Structures are given as C-alpha cells and as structure tokens.
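Start from the sequences, fold in the hints, and give me the full structure.
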Amino acid sequence: MTNQPNLPVVPENAALLDTVVTKHGMFSPSAGGDTSGFGGLVERFELAPAAMKPFGGWFDDVSDAIVKAAAAKGLPTESVFERVSIDRGEITFFVSPQNLRTVMQVLRDEPSLRFEMCMGVNGVHYPFETGRELHAVYPMQSVTHNRRVRVEVAVSDDNPHIPSIVDIYPGNNWHERETWDFFGIVFDGHPGLTRIEMPDDWPGHPQRKDYPLGGIDIEYKGATVPAPDKRRSYS
Amino acid sequence: MSEQTTHSTADPYAGFTDTTEGRVHTVTGQDWDTITGAAAGQTERLVVNMGPQHPSTHGVLRLILEIEGETVTEARCGIGYLHTGIEKNLEYRTWTQGVTFVTRMDYLSPFFNETAYCLAVEKLLGITDQIPERANVIRVMMMELNRISSHLVALATGGMELGALSPMIFGFRERELVLDLFELITGLRMNSAYIRPGGVAQDLPDGAVEKIRETLDLLPKRLKDTSDLLVDNQIWMGRTVGIGFLDLPTCMALGITGPVLRSTGFAHDLRKSQPYCGYETYDFDVPTVDTCDVYGRFLLRIREMQESMKIVRQCLDRLKPGPVMVEDAKIAWPAQLAVGSDGMGNSLAHIRNIMAESMEALIHHFKLVTEGFRVPAGQVYQAIESPRGELGVHMVSDGGTRPYRVHFRDPSFNNLQATAAMSEGGQVADIIGAIASIDPVMGGVDR
Numbered sequence: 001m002t003n004q005p006n007l008p009v010v011p012e013n014a015a016l017l018d019t020v021v022t023k024h025g026m027f028s029p030s031a032g033g034d035t036s037g038f039g040g041l042v043e044r045f046e047l048a049p050a051a052m053k054p055f056g057g058w059f060d061d062v063s064d065a066i067v068k069a070a071a072a073k074g075l076p077t078e079s080v081f082e083r084v085s086i087d088r089g090e091i092t093f094f095v096s097p098q099n100l101r102t103v104m105q106v107l108r109d110e111p112s113l114r115f116e117m118c119m120g121v122n123g124v125h126y127p128f129e130t131g132r133e134l135h136a137v138y139p140m141q142s143v144t145h146n147r148r149v150r151v152e153v154a155v156s157d158d159n160p161h162i163p164s165i166v167d168i169y170p171g172n173n174w175h176e177r178e179t180w181d182f183f184g185i186v187f188d189g190h191p192g193l194t195r196i197e198m199p200d201d202w203p204g205h206p207q208r209k210d211y212p213l214g215g216i217d218i219e220y221k222g223a224t225v226p227a228p229d230k231r232r233s234y235s
Numbered sequence: 001m002s003e004q005t006t007h008s009t010a011d012p013y014a015g016f017t018d019t020t021e022g023r024v025h026t027v028t029g030q031d032w033d034t035i036t037g038a039a040a041g042q043t044e045r046l047v048v049n050m051g052p053q054h055p056s057t058h059g060v061l062r063l064i065l066e067i068e069g070e071t072v073t074e075a076r077c078g079i080g081y082l083h084t085g086i087e088k089n090l091e092y093r094t095w096t097q098g099v100t101f102v103t104r105m106d107y108l109s110p111f112f113n114e115t116a117y118c119l120a121v122e123k124l125l126g127i128t129d130q131i132p133e134r135a136n137v138i139r140v141m142m143m144e145l146n147r148i149s150s151h152l153v154a155l156a157t158g159g160m161e162l163g164a165l166s167p168m169i170f171g172f173r174e175r176e177l178v179l180d181l182f183e184l185i186t187g188l189r190m191n192s193a194y195i196r197p198g199g200v201a202q203d204l205p206d207g208a209v210e211k212i213r214e215t216l217d218l219l220p221k222r223l224k225d226t227s228d229l230l231v232d233n234q235i236w237m238g239r240t241v242g243i244g245f246l247d248l249p250t251c252m253a254l255g256i257t258g259p260v261l262r263s264t265g266f267a268h269d270l271r272k273s274q275p276y277c278g279y280e281t282y283d284f285d286v287p288t289v290d291t292c293d294v295y296g297r298f299l300l301r302i303r304e305m306q307e308s309m310k311i312v313r314q315c316l317d318r319l320k321p322g323p324v325m326v327e328d329a330k331i332a333w334p335a336q337l338a339v340g341s342d343g344m345g346n347s348l349a350h351i352r353n354i355m356a357e358s359m360e361a362l363i364h365h366f367k368l369v370t371e372g373f374r375v376p377a378g379q380v381y382q383a384i385e386s387p388r389g390e391l392g393v394h395m396v397s398d399g400g401t402r403p404y405r406v407h408f409r410d411p412s413f414n415n416l417q418a419t420a421a422m423s424e425g426g427q428v429a430d431i432i433g434a435i436a437s438i439d440p441v442m443g444g445v446d447r
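Protein sequence lines, in the order shown, are assigned to chains V and H. Counting from 1, position 178 in the first sequence corresponds to residue 178 in the working numbering; the numbering is continuous, with no gaps. Counting from 1, position 226 in the second sequence corresponds to residue 226 in the working numbering; the numbering is continuous, with no gaps.
Honestly, the hints are just simulated from the structure, not real lab data. Fair warning: this is a prediction, and the values are worked out from it, not measured in the lab. There may be inaccurate statements among the hints.
[Claimed, not checked] Okay, the calculated bits of chain H under chain V, using three or more residues with CB under 8 Å as the criterion:
#1 88-94
#2 113-126
#3 153-167
#4 189-199
#5 303-309
#6 405-412
Ideal placement from N, C-alpha and C gives every residue a C-beta, glycine not left out.
Spelled out as structure tokens, the structure:
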C-alpha cells in the first residue's frame, strides 16, 4: 500500500476485509504534480479501516455490552461483529445478515445500551467490493445515553437478502421499502416490501451505481454540453 | 388472478374489475344509482383515494382510506409523486454544487437542508473547527429565521386545511416578512444555496442587521394575530384537542422527532442534546406540551417561534466583523461575489486579479470551480434539528471530487408513517388535522 495522504492508518494485525479500493483513470492528484488529468494516475484508499481495542471513551462500553448481551442470546463472542470501524469520531459495527436481528434486539432492549431509535436504513452500492456489493447502513440513536452508533450490513449482488427489523424498530418500515426501491436489497420478513418512491412497475433500482443518471446533451448555438453523467469526471 | 375491465360509461376510468377478492367498482363521479345498483348484494368495502391532488393533504400526498361511514378503519399513505432523484443527481456534481440541489428537497426549510449537508461535508473534510465564528452565527440566524417561516406555513396551511382561513392569510403575510429578509441576504426567497461547505456564500449586505431588527420588532405584534386565532379558540379546539393522539412510546418506536415528539412532554431537541454550529452557547428553551394531540403541536410551533426570535436577537448581538469562509484556499470558493449590472456575480476586483494579474489565481479558480475539491474517503452521519424533527445526512465519500452517496433522512418521510397510528378509528375529517400536525413537506418526503 503506498503512503498517500488520504489513506487511513491501518494497524498491522487488524482483521481486514477486502475493502481496499484501487482507482485508475482521469482524476486529479491529491497534492500538486500532474494537473492534466491524463497522467494515468493510480490511487488507492480503504473504505472503512478496522479499529483495534481499546476504542476509547464509551465506544468500548457499548461494544462490550453488545457482545455480552448477544453472547447471552447464543452468538459466539468472536463473531458478533465482522469488524468495528472508527472514523471521524463515529463508530460503525459491521454485522453479518444472520446476526443483524440479534444485535438490533440487544441494542434496543439492553438497559446499558438503550438505542430507542433507529433513524432508518440507507443503502450504498460498492460494485467493486466483490461479494459485498450492497451495504445497508443503520444509524442508531440512544436518547437515554445521548449516543449514536452505526450498524452496517453487507450482502452480495447475487443474494441481496437482509432480515427485516420492522418488528423491532417499526419506524424502519418505509426506510426498508425505500432501500429496496433504490438498491434492490430484499428485506426478508418485511410486512409489505413494495416500491415507495418509484412507480410500482419501474424497472431497475435507480441508486445503484450501474444505473445511469440519464439526461440528454444540451445543444446551444452549435455547441454541445454533454449530459451530467457523461461529463468529464475527476473522481 | 383474472382481471377485466368493462367500460360501461363514457368515463374510461369508471367501471368495474373482477379480482380474486370479488368485483371492484371504480367510482369517479358517474351516476351514483348505477353503482349502488350494481354493488347491491355484495359485501361492501369502501376504499377512498384522497389525493394526491387534494387541497387538504398538505401537498401531493395520496391517502388510501378504508372507511365505514365517517369512520376510518385503515389509513395508508401513497408517496413518491414528488420524487426528483436529488440524491442520485448529487453523485454527478461537485461537493459545492450539491448545495444547490439539497436546498430544493424540503423547500420550506432550505437552510436546514443546506446546513445539514455542509456540516456533513465539513465533518468528512475534518474542518468543523475551522469554520469562522461569523459564518456559524449567520448559519444559526438563517436557520432560526427559517424555522419561523416554516412554522408559519405549518400554522397557515394547517389552519386552512381545517377550515380556519384567517390564520392562513396571516401566516403567509408574516412569512413574507421573513422571506424578504432571505431575499435581502441571499438574493433569493427560497432555494438560496447560501450556506456552502466551509462557511456561507457571502457576507451579510449593508443594512441587513438593521432590517432584521426591524422585522424582529414587527413580528411579535403580527404573530399575535395568528396566535389569537389559534389559541383558546373554541371552534379551533373542537377540531384539534384530543385528535391525532400519539404518545411517547409510539413516537420512540416509529422514530418520530420534532414537535410531534415534544408534544408528548419530552424535551428532545438536538440543538440542546447534540449541539452544532455553536447552539450550546445560545440561551433558549425547548417548549413542550403533554397533550400528545394536534392542538398541542400547534401551540408548540407558536412557542418555538418565540424561542427562535430570542436566538436571532442573540445572533445579531454576536455578529462581529470577520471572514465568513474557511481560510483554506483549496476549499473556499475562489471568488468574491458582488452585485453588478447584470446581477450577482464575480466582483470586478477578482476578475481583474485572475485575468490580468495572476496566472496562478486563474488556474486555481478554474480548477476549483470546474473540478471542485476532494474529500477524503469515509462516511459520516450528521443530524440537525429541523422544524420537523431530526434531519439526518448520511454521506459517503470515495476520496473524489463528487459525493459517492448522500442520503437524507428527512423527518417528514419518517413522521408520515404515524398517519395510521394517529388516524385509524377516528373520523375522516380528523385525518386532515393529524397530518397537518405532522407538517410533512412532500419535497422532503420524496426528494
């Protein structure tokens, strides 16, 4: 891994999932150098660096409490989380789809956790992360302890199934429908998983990266401005 | 399932369909006798579509009601009529251009959308601490003025939907005072794109502080007209007291925030519990009521406007001269805006600098405006207290000059889920009050 300024520091013995992304193509360098955009630059970054214990502050309390309570419900201690990531002062627990419902139940019911509110679920599509293309991200809030954590679940494009948590957090009903609508993640056990924003007969899931934005080129006085998704990108 | 439609009249939408659940008659205004005649002897189940084009549904909201007489047995919402794909569009624009899009989401509280978006970008950039004091004060001031204008629309349209037309006239009249301030400060009444990553687009114009003070002196007198009509008014209370009941456990389960949550007596406000933009340094109260009903929610909005005016006054006292954008020239917009003969644009001094004096400044300007700045890879969740509750932004960057994914957790979207809990078992007319008390803005719901 090259030492570039936007690469987070990863501890040597961290449990790494395949989240290091390499980008090629027409983008600008982070600092100085070639500004033409045609230099064939290569850049690598990691999506969510794994954090090692101690996490610091209340992060350890929350993480220990989840592991302990989930173990009491029959999950093996070492596999409650796939990984824990701390970035910009926010903690993310990566959980496998099988463990999601247990972790959510524990987050809601355990007195030392008391995450009363799940602020919904949001999808993110990482087509380059083979086998873990679709992520569902649940921002959680504890009003009692005034804390926020994030739970993230990754599934593959071929088998995009995540258990629904609508019976645990009823407010997630519409959020799960929206995530199905936009990403095609199937929430098993949802009381009525239908499209919510797009029309019922809409083909495809618009927020996925392989779904084009669409749009038409603009012609004005003989010149043509390409549609937004065909314009030169530096990303 | 076999379906066939028979067009028995000239109206192509009227007629009946045979489904697995029996014959379904669609009524769109034809002769009622033909319907009652045809439906005679069958089990009756009346499903009424209210909206999406209906003056009482608070925008393009479609209510699907199953009714028995005047009693609602089931209520469901149909949304999506105002979906514009803003989140998708954001992935094809620079981080700065994104502000222009998000301001159009919840169009009654544009400054909250902008601030939430910018706070998230700044958190990803790690420059939250570098935002100049003056920019933060201006942001708070704009947000609180916006809270007043948004609540005024909530009272105005809520009143209108329940038949109280005078509050509507007064509400929109007073909102105009606030919109005039927005126009003076940002150039636009709505969709200002004024708050930018790193600060605000430009400083307050000359005379703005005096104009805001004038408005702040006038507003309380004018607001009294509205509150006189909506507080302790027996007719209004008859329509709102005890209606749209939603208690604290239900709010928690459904993730309801904002005035609806505070109407259960729980003073949860992110400005107090998780402050941003320096809210912890302002002196204000979080009003609550414990009635859990529509009347309480309207009372709360009236009181919240008073608190907002308190905050705006404190902002005006704190405004000290200084920059309104971060110092980092790799993020700050490279131009000074000024009003020219053809409207707002780059100041002549800046154009002279880049065109005649400094080649580097020209390159810098060109690169930053066309390509934008880069944001280190990672994800954040940033929540602020909008007039309707928790407005959360989940933002993912892959290290590029465009957002990788931005999701707005809009309070209207979430809170609309309470429609069924608030209105099932009640009267059809009370649904209107219940939804008005949520104050959903469909632009935010559908994005």
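The hints, checked one at a time:
Counting residues of the region 88-94 of chain H whose CB lies closer than 8 Å to any CB of chain V gives 5, so the stated coverage by that chain holds, three being the minimum. Given as covered by chain V, the region 113-126 of chain H passes the check, having 3 residues with a CB less than 8 Å from a CB of that chain where 3 are the minimum. By the rule of at least three residues with a Cβ nearer than 8 Å to a Cβ of chain V, the coverage given for the region 153-167 of chain H is violated, with 0 such residues. For a cut-off of 8 Å, the count of residues in the region 189-199 of chain H with a CB near a CB of chain V stands at 0, and the three-residue condition is violated.
Requiring three or more residues with a Cβ within less than 8 Å of a Cβ of chain V, the coverage given for the region 303-309 of chain H is violated, as only 0 such residues are present. Coverage of the region 405-412 of chain H by chain V holds. Counting CB-CB distances below 8 Å, 3 residues qualify, and the rule asks for three or more.
Checked against the numbered hints above, the structure violates hints 3, 4, 5; every other hint is satisfied.
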